[in-house]
Structure formats: C-alpha cells, structure tokens
Amino acid sequence: MAEKAAIPVGALIVSVALFSIFLLFFGKSPIEYFSLVWRGGFGTAFSFQNTLQRAAPIILTGLAFAMTAQIGLTMIGAEGALVLGGFAAAAIAIPLVQAELPPALVMPVMLLAGMAAGGGWVALTGWLRHARGVNETISSLLLTYIAIAIMNFFVEGALRDPASANKPSTMPIGKEYMVGNIPGTDVHWGFAFGVGLAILLYLLMSRTTFGFAARVMGGNPRAALAQGLPVGTLVLACSAIAGACAGLAGYFEVAAIHGQANASLVARYGFTGILVSFLARHNPLAVVPVAILFGAIAASGGLIQRRMDMPDATALVLQGIIFVVLLASETLQGRFAIFRAGGK
Amino acid sequence: MSDDALLTILIAMLGGAIRVSTPFMFVALGETLTEKSGRINLGLEGNLVLGAMVAYAISYQTGNPWAGVLAAGVSGIFLGALHGVICGLPRVNDIAVGLAMMSFGTGLAFFFGKPYIQPSAPRLDPLPLGGWADNTALQRALDVNPLFFLGILVAIVMWWALANTRWGLVLRMTGDSEPAARAMGVHPNQVRLISTALGGFLAGVGGAFLSLSYPGSWNEGLSSGQGLMAVALVIFARWNPLRCIVAALLFGAAGAIGPALQSVGISQGYYFFNAAPYILTLLIMIGSARSKAAAREVPGELSITK
Numbered sequence: 001m002a003e004k005a006a007i008p009v010g011a012l013i014v015s016v017a018l019f020s021i022f023l024l025f026f027g028k029s030p031i032e033y034f035s036l037v038w039r040g041g042f043g044t045a046f047s048f049q050n051t052l053q054r055a056a057p058i059i060l061t062g063l064a065f066a067m068t069a070q071i072g073l074t075m076i077g078a079e080g081a082l083v084l085g086g087f088a089a090a091a092i093a094i095p096l097v098q099a100e101l102p103p104a105l106v107m108p109v110m111l112l113a114g115m116a117a118g119g120g121w122v123a124l125t126g127w128l129r130h131a132r133g134v135n136e137t138i139s140s141l142l143l144t145y146i147a148i149a150i151m152n153f154f155v156e157g158a159l160r161d162p163a164s165a166n167k168p169s170t171m172p173i174g175k176e177y178m179v180g181n182i183p184g185t186d187v188h189w190g191f192a193f194g195v196g197l198a199i200l201l202y203l204l205m206s207r208t209t210f211g212f213a214a215r216v217m218g219g220n221p222r223a224a225l226a227q228g229l230p231v232g233t234l235v236l237a238c239s240a241i242a243g244a245c246a247g248l249a250g251y252f253e254v255a256a257i258h259g260q261a262n263a264s265l266v267a268r269y270g271f272t273g274i275l276v277s278f279l280a281r282h283n284p285l286a287v288v289p290v291a292i293l294f295g296a297i298a299a300s301g302g303l304i305q306r307r308m309d310m311p312d313a314t315a316l317v318l319q320g321i322i323f324v325v326l327l328a329s330e331t332l333q334g335r336f337a338i339f340r341a342g343g344k
Numbered sequence: 001m002s003d004d005a006l007l008t009i010l011i012a013m014l015g016g017a018i019r020v021s022t023p024f025m026f027v028a029l030g031e032t033l034t035e036k037s038g039r040i041n042l043g044l045e046g047n048l049v050l051g052a053m054v055a056y057a058i059s060y061q062t063g064n065p066w067a068g069v070l071a072a073g074v075s076g077i078f079l080g081a082l083h084g085v086i087c088g089l090p091r092v093n094d095i096a097v098g099l100a101m102m103s104f105g106t107g108l109a110f111f112f113g114k115p116y117i118q119p120s121a122p123r124l125d126p127l128p129l130g131g132w133a134d135n136t137a138l139q140r141a142l143d144v145n146p147l148f149f150l151g152i153l154v155a156i157v158m159w160w161a162l163a164n165t166r167w168g169l170v171l172r173m174t175g176d177s178e179p180a181a182r183a184m185g186v187h188p189n190q191v192r193l194i195s196t197a198l199g200g201f202l203a204g205v206g207g208a209f210l211s212l213s214y215p216g217s218w219n220e221g222l223s224s225g226q227g228l229m230a231v232a233l234v235i236f237a238r239w240n241p242l243r244c245i246v247a248a249l250l251f252g253a254a255g256a257i258g259p260a261l262q263s264v265g266i267s268q269g270y271y272f273f274n275a276a277p278y279i280l281t282l283l284i285m286i287g288s289a290r291s292k293a294a295a296r297e298v299p300g301e302l303s304i305t306k
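If you're matching them up, the sequences are chains A and B in order. Just so we're aligned, residue 1 is where the first sequence starts under the numbering used here, counting upward by one. Just so we're aligned, residue 1 is where the second sequence starts under the numbering used here, counting upward by one.
With the rest of the complex left out, here is chain B (with noise of 0.2 Å):
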C-alpha cells in the first residue's frame, strides 16, 4: 500500500468519526441518562428514526434547521416519557417497553415521513474547520457539525452535574438503591420518567444529524440501528459521558474502515469492518461480565444488570 492510500484511509477514518459518531454520541448520552437512573431504554431507535423525520419535515416547512433539531428533540422526549410513564405501573418490563417504543417510533416515522422522502431540506451548515489544510479530502474531513461540538458539551456537563449537583445525587441514588431513595423522600418514578424524557430528547436531536447533516436527507432506511447499538456503546463507555464520546468517536471509526477501504480499491472485508463494532462490543462484554471493577460502576438497579 501506498503512502497515499494510507494517508487517505487515515483521513476518511477521521472525516467518519467526527461525521458517524455524532448521532452515536447523542444516542449514547441520552442511554446513560436513563440508565443511570436504573432504568432501560431500549427504545431509543424509535426516537432517532422518529427525530430523523420530525427534523427533516420542520426543516424542510420552516426552512430553519435547527427549529428542526428542537422539534425532533421534542418528538424523543413524547416517546421517553411514554416510556417512562409505561415502566412507572408495576409489573411492566422495561426491556420489553424498549421494544415496543422502537417499533412504534419507526411505525409513526415511516408513516407521516412519505411525503418527505422526495423534498430537499435546508441542511444544518458545517463549520469550517479545516481551512488551513492544503489537502481537500483533509479539508472536507475537518467541515464539522456543530452538534458534533454540541453532543462534547452535553456530555461534559452531564458528567459535571452527575458528580456535583444535588439532581446528579438524586438521579444515581435512585439507580443505584431504590429503597435508598425512598428513604430519602423521592420518587424513583418521577425521577426515571423525568430522566427518560430528558434522554429520549438527546436521541431525538441525535436523529435530527442523520437527516440534517451526515447521510442528510429522510428515508426509511436512514438508521442502520445506531440507536440499538447506543446500548451497547454505554456498557462500553461504563455509563460514563466523557467515556461515551471516547466510545462514539471509535465506534464511527470502525465504521469507516469499511467505506475507507473500499475508496482505495480494497472491497474485501467490507461487511467485516461494519460489524467490528459490533464484535468490539460483545469481546467487551464477554471480558467484564463478571469484572468486579465492572460491577462498581453499573447502576445497582438496572434490569440488564440484575
């Protein structure tokens, strides 16, 4: 291989890291939201796919982007809190709501996203960034969303507020014990659902950068499950934000090993490439099981855990 193939490989990883992990990073934040709270939300692909279409559809009849951003965040947090509300009644299985809300986000996004498959929406615009480079590919990789700043920002502050403020207290207190809570007077219902809600608007914005930045355009085969494997990438990341923008960042990666590969004339392997994350994820898995540094950090009342 040649030093130039090589030079173009290492910058379309990078183009697809910033571009792939974004949408990856908002799921994956707004997993570990939840999560953190002891509750599971397998259903965060019906809020990307949903927020996908809801964003695409404001953009394209406000002609302003980010009016669409805010909508389809609006539209994750219907479902999150549905789901939370759901899970708040006795006997009902989180992991099976999960389920459920994927297919009933899908179902509403593929049904009132017909007319928006054909029509151009106005695009949220990329910043700049690599305007000193001399090399375009190096130029094009570095035009950075700013929701991909936006996502670093959320998850900074959600790690800073999850270890000092007093709802970053109430919120792993009530993942971690729920009796604890109780004894404390909160109601772990009230604080799931709110932690819900709040997660599913992350995935709901995460959906509004498929649709409005990288692929950028509305069609029913726009989510290749990056919502489902959000759920994997916060066991990766250990329920931990900044852990979780490490994660999405190498997530995107592997996934645009494939696609990189392919642009210099190496096909074989492709399919290989596109599930490495997902294997990534299992040998993760399968290794910390049963660590015990792994049971320290997985929010004591967490079904998947249990």
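If we strip away everything but chain A, and leave its shape as in the complex, we get (with noise of 0.2 Å):
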C-alpha cells in the first residue's frame, strides 16, 4: 500500500524540481510559481471553488480512463464520448424545451442521454476489442475524432441555432433548465457527482464479484479466461460505465457551463484525464484529490500569466514533465526493499 502511494508522490516531488529548474533557466522564480498555483488554487473561498468547478469534469474523465486501466485496456475515448455526451444532451434537449416540459423531467433526461451516448461510443470500443480483436487504444481515438465530427457535422447543419453566427451552436437550452450549483457555494453539480461516482466505483471495483473479476482480468488476462469469467461482458460493461461517466462529463459541460453545445466542448478534459488516472494509479478515489490538484493549476492560470507574465501553456509543459516522470516511475514498482519488508 505505501509503495503505491509513495512512488506516485516521489514522481511529483521530482517533476517539480524538473520543472523548477525550467523555470530558473528563464529567470523565474520556482518560490513564486508554485505559491502563485496556491493561492490561486487555494487561497481564497473564490479560488478554491474556481478549482472544485474545474476538477469536475477532469474527474469524470479520470474515472473513465481509471475503469478500463483496471481490466487492463488503455483507451483513449473520453474526450470523444464527453464530445459526444455533451452533444447529445443538448440535441434531445431541443423539442423537449420547446414543448416547455418541465425542468424535474428535462434535466434527468438531458443527464440519462448524455450518459447514454457517452457510454454506448466507448461500449463500442470495447466490443471492437472482445469481439473483433481491434486494437483498443487506436480505435478509441479514430473513433474521439468521429465524435467530433458528429458534434460538428449537426451544429452546423441541422442543429444549429441561426442566432449563434460566430460559433456555431445548438440552441440554448434556456436558464431553467440548466444546473444549478451546490447550495451555499459556486460549484455546479457536477462536482458532487464526480465525487459520488468516485466512491461509487471504488466499492464497485473493491467490494464486489464483479470488481474482483475486473482486476483478475486487468492483472492476467489469461488468467481470467482460464478462471471462465465473463471476459466480454467484463469489458463491454468497464468500456459502458467509462463512457458513462464521460458522458456525464459532458453533460454537466452544456448544462452548467456553455448552456449549449459547440466546439468549447473540445477542451482537452478527456486526455488531462488519462494523466490523471495514471497518477492516482487508477484508483477511483485517488483520482479526486489528483483531479483537484489539476483543477488548481488550471484555475491559477490566469494569475500566473498577469503576475509573472509566462504564458499559459507553462501548465501544459508542468503536465508534460510530471506524466514523463511519473510513467518513468513505474519502473521502481518492487524494487524498494523498505516496502518489502514492511509487508505488503
């Protein structure tokens, strides 16, 4: 257990030093960096809520790349099922928000769709895979951008709002249909979601037959055929819930965010995710602490580019270092003696 906590954060101590050194070589002081990411990730109730609101949807995507990582697949889909999620809430919003149905009916079914769609897209990748042998990384990602052209193909076409002449969107969905935010803060729901599914999965996956089979599988495939588990319905139901939650992702992004679907949807949440999952070692519950640490750093951005006058993309090149770091650092798994003796 120590081990698997221990080299994760040795990984991320060693990356910002490596990246402290970045920044000492362009004259910038590391001390200011990082207490910048503080306070504003941190520091105030405003900015740790900015953080929680951006973790939210990087949760959701964790979970997704953490419940295929389990039975041993590495996809690569979310960002194309949240794609997909999103859109398909707003789509199957339009006529029932037209016919003025009520908020309590909409919503849920605004959330089941994007669900649907996002969980159906990545259930695909993984029946490609038991049932055809297709390689599930690349199919995953042929099928992201498949995604988004979908989206793009009827935001510009046929779903498009005339009214959105800039950036091509469905139509809004309207204020009363849209998420609210946690009672007594400015987090949307999204949030208590991703925190729940999280535990939710982590007892599925440790609690139950069903996760006990999942990690047989993720362990030693061969193993899992040998025992006779259901290996197809093991992966077709680990790739439905990662796209599920992917979807949700998405769903929560037109309902508490842009209101409606278009491009913002691309955002990237679905490959930070991958970095994410990595990092909590595809623990479901480790993956919220890590998703909020990622929301801190995206949500202090914008201080750090006004203070210190570095360019955004300074976060993605911290990202880049500690996922290079971190996959270098699976290599030391057994080797500690300490870890060993301490008894596993």
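Simulated coverage check for chain B against chain A, where a stretch passes if three residues somewhere in it have a Cβ under 8 Å from a Cβ of chain A: (1) 94–101; (2) 230–237; (3) 274–280.
Straight-line Cα separation of at most 20 Å, SDA-like style, residue types lysine to any residue; simulated pairs: (4) A:Lys4 x B:Asn93; (5) A:Lys167 x B:Pro259; (6) A:Lys175 x A:Glu100; (7) A:Lys175 x A:His258.
If you are wondering where the hints come from, they were derived from the structure by calculation, not from laboratory data. In this text, a Cβ means the ideal position worked out from N, Cα and C, and glycines have one as well.
Dock chain one against chain two, each of which comes alone in its own frame, and use the hints as you go.
Next comes the structure, spelled out in structure tokens:
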C-alpha cells in the first residue's frame, strides 16, 4: 500500500524539481510560481471553488480512463465520449424545451442521454476489442475524431441555432433547464456527481465480485479466461461505465457551463483525465484529489499569466513533465526493499 | 454538377492530396521505422507540433527555412530519444509514454511558440511543376513542395534498406522476436532507441512542413491530429514504407474533398468528409484485425497487436 502512494508522490516531487530548474532557466522564481498556484487554486474561498469547478470534468474523465485501465485496457476515447455526451444532452433537450416540459423531467432525460451516448460510444470500442480483436487504443482514438465530426456535422447543419453566428452552436437550453450550484457554494453539481461516482466505483471495484473479476482480468487476462470469467461482459461493462462517466462530464459542461453544445466541448479534458488516472494509479478514490490538484493548476493559470508574465502553456509544460516522470517511475515498482519488508 | 465544378473538385483534390499528404507521409514513415523495431510511439503528435514550432522559429531567426527543417528534425530526435530511453526501462508501458510525450512536446511547443505566432518567417519555396498547364488552379495544385519528394525518397530508401541491409535485418528481427535478437547478440533496447529517435526526426520534419509550407504559419491549432492519425495510417499501410506514400496521398485526398466541395458551393457533408479518413481506417482495422495476411506483416513484438 505504502509503495503505491510513495512512488507517485516521489514522481511528483521530482517533477516539481525539474520544473523548477526549467523556470530558473528563464529567470523565473519557482517559489513565486508555486505560491501563486497555491493562492490561485486554494488561497481564497473564491479560488478554491473555481478549482473544484474545474476539477469536476477531470474527475469524471479520470474515472473513465481508470475504469478501463483496471481491466488492462488503454482506452483514450474519453474526449470523444465527453463531446458526444454533451452533444446528445443538448440535442435531446431541444424538442423537450420547445414543448416547455418541466425541468424536473427534462434534466434527468438530458443527463441520461449524455451518459447513454458516452457509454455507448466507448462500449463500441470495447465490443470491437472483444468481438473483433481491434486494438482499443487506436480505435478509441479514431472514434474520438469521429465523435467530434458528428457533433460538428449537426451543430453546423441541422441543429444549428441561427442566432449563433460566429460560433455555431445548438439552441441554448434556457436558464431554467440549466444545472445550478451546490447550495452554499459556487460549484456546480458536476463536482458532487464526480465525487459520488468515484466512491461508488471504488466500492464496485474493491468490494464486489464484479470488481474482483475485473481486477483479475486486469492482472492477467489469460488467467481470467482460464478461470471462466465472463471476459466479454467485463470488457463491455467497464467500457460502458467509462463512457458514461465521460458522457456525464459532457452533460455537465453543457448543462452547467455552456448552456448549449459547440466546439467549446473539445477542451482536452479527456486527455487530462488519462494523466490524472495514471497519477492516481487508476484508483477511483485517488482520482478525486489528483483532479483537484490539476483543477488548481488550471484555476491559477490566469493569475500566473498576469503576475509572472508567463504564457498559459506553462501549465502544459508542468503537466507534461509530471506525466513523463510518472511513467518512468513505474519501473521502480517493487524495487524498494523497505516496502517489501513492511509487508504489503 | 457541371463539368467545370467537377474539374475544380478534382484539381482541388489533387492539390490537397499533395499538400496535405506530406506531413502524413513523414510521420507515418517515422512511425513505421519505430514500429518495425517492435515498439509503438503514440507521441509523434508532440514531435509534429514541436517540430512545426521549432522550424518556424529557426527559420525566422536565421532567415533560412532549411535550417528550420533541420532544427525541427533535431527537436524530434530529442523527443524520440526520450521516449526510447524511458521505454527501455522495465515495466514501462510504451503506449502511455507516447501519450505523455505528446502532452510534453505540445506543452513545450506552446510555451516557446508564443512569441512566434505574430511574426512572419521565410517559407520553403515550392517547385512550380505546373508551368505547362493553362489552368491556373492546376498550376497552383502542382506547386509542389520539395519536402514531398524528399518524403518519397525517404520511403524508397527505407523500403530498400529494411529489406537489403544488415541494419534493416537487425531492426526487423528485433521487431519480430526479441529472444531471436538477443540470441544474435543484439541489444533490443538499443535498436529501439535508435529507431525511435530516427522516427522522431522524421516526424519533426513533418511538423516543419506544416509551419513552413502548408498551412504555412505557426499557431497553436496548427496540427489537427495528423501525428495521432499517422499511427492509424501505419496500420493502414501495414508497416510498408511504400504503402505509406499511397496511404498518405489517400488520406490527403480524403481530407481535401470537404474543402473542395465547399469551394464550389456544396457545404453539406463537410464534416463527414473530414472524418472520412478516420472512418476508413477504422473499417480497415475491423476488416483486417483477424486476417492471416495482416498478421504476417505485423511486427511480432508490437504491443498493440499482442
């Protein structure tokens, strides 16, 4: 257990050190940088809420990657599932909103539509993998581009709101159909759903026979087959859950932030989620704090840009360094005698 | 549709195929070289974007676009070698490292590229091969960048070298069977490091084409995922450098259908045609996933086919 946390934390420290050298090289102060990340991400009630708000979609896409990583698959299609989920939610809302149905009915329908679209999309990757032997990494990547094209096709065509001149969008769903904030905060409900799902998925993976079977498969697919575990069902179920998480993120992007589906949905949350999941070692519970950390880096971007005169891509460099160092650190698993002596 | 419109579309597709295919060709050749050694580098998108930025910056600073092309290649070697070194460590997943290199390379490019979005750098001059044609659209379509021919040359040399040189044999053996390579006294990690670094060089040059020829400027939205698509393209081309040329031309032409139709006033289906190469690749993957002919051509050590 200790090793599982120690190696990513160590990797994080090494990354911060490397990034500090990078900053020093440009005559910038690493201390100023990280104190600004702290201030811009956690310093005030406002900035902390901003951080949580930004963490919401990353929690969900992180969970999406973790769910398929747990069964040993590398699916990078959360971005596409998010876009398609957001689009499906916005599209299904159009006739319902026009019919002026009550929000209590429309909102759950939108949410389910988003989850179903995302879930179906990633389940397709899982099915191709299981039934046809198509590599899931490549197909999920291709399906992401196809998902974005599907959204653009409708948003620029049949479902385009004529009022959206510069940025083609679907019809705005209207204020009363939008998702509000968690009472007493400025954080939308997507964050609460993300945390709730993280707990649920953690319980599913660690406390149920389904989760046990999934982890056996992740550890050794041949053993899983030999044991007669329902490998196909596991692949389909885990990829559908993963896609539903990403689709939910898309729903909240539409229903809590943008109010309509457009190109803003393509915001690389799906790819950030991959990094978050790796840093959390694909543990659903650990995804939450890691996502909050990345939310803080994003939330403090503006402050750092103003105070230190550094481009917003600085955060991308930091993320890239963390990602590279973290993966290189995987090689250290099981190499430290102190963790073995402690009895795992 | 009138004959004129049809001609316009065909010429636009020809021009598009030549222009759009060049970065595809370089990235796909780089990926082929890496995958032939039994490793996959999903991070060539990072090489492409960083290469585009470096090429533009160096071309602006030195006034010589070819210096930019070379520098782009060197930046690609840097990312490729980093990938190669990390993947040489035990228990490291090459697919995930590729994703990390993609975000690292893109981050570096955006960070250093900020000051170069505004200024205008000298581009690579095309070879005007359309002088004989009366049609100006055709003339423009045949303004071919020298990198296009360089790419074809690289493909031919690679195809020949893989089949006929000692180095090619060592590379293919490492890709097909690690135990066999070890038995011959070859260090698989070394071979893969070299092939990933060289593959990275080619991808960087592909990026130089983006910023110095077509579209011909540097900005953060320059690449539309060509680096990632190249991975699919290599599967499409079944690890054969010559087929990479054909596949790149095909992808380029498919990508050019949408804009070409738009130029004659047909805007319906623009995004469908944009997605056509992805759909095509997916269908080919589905079709060939379990075919014996495909299995024969896959490098045996490749993680995505195991």
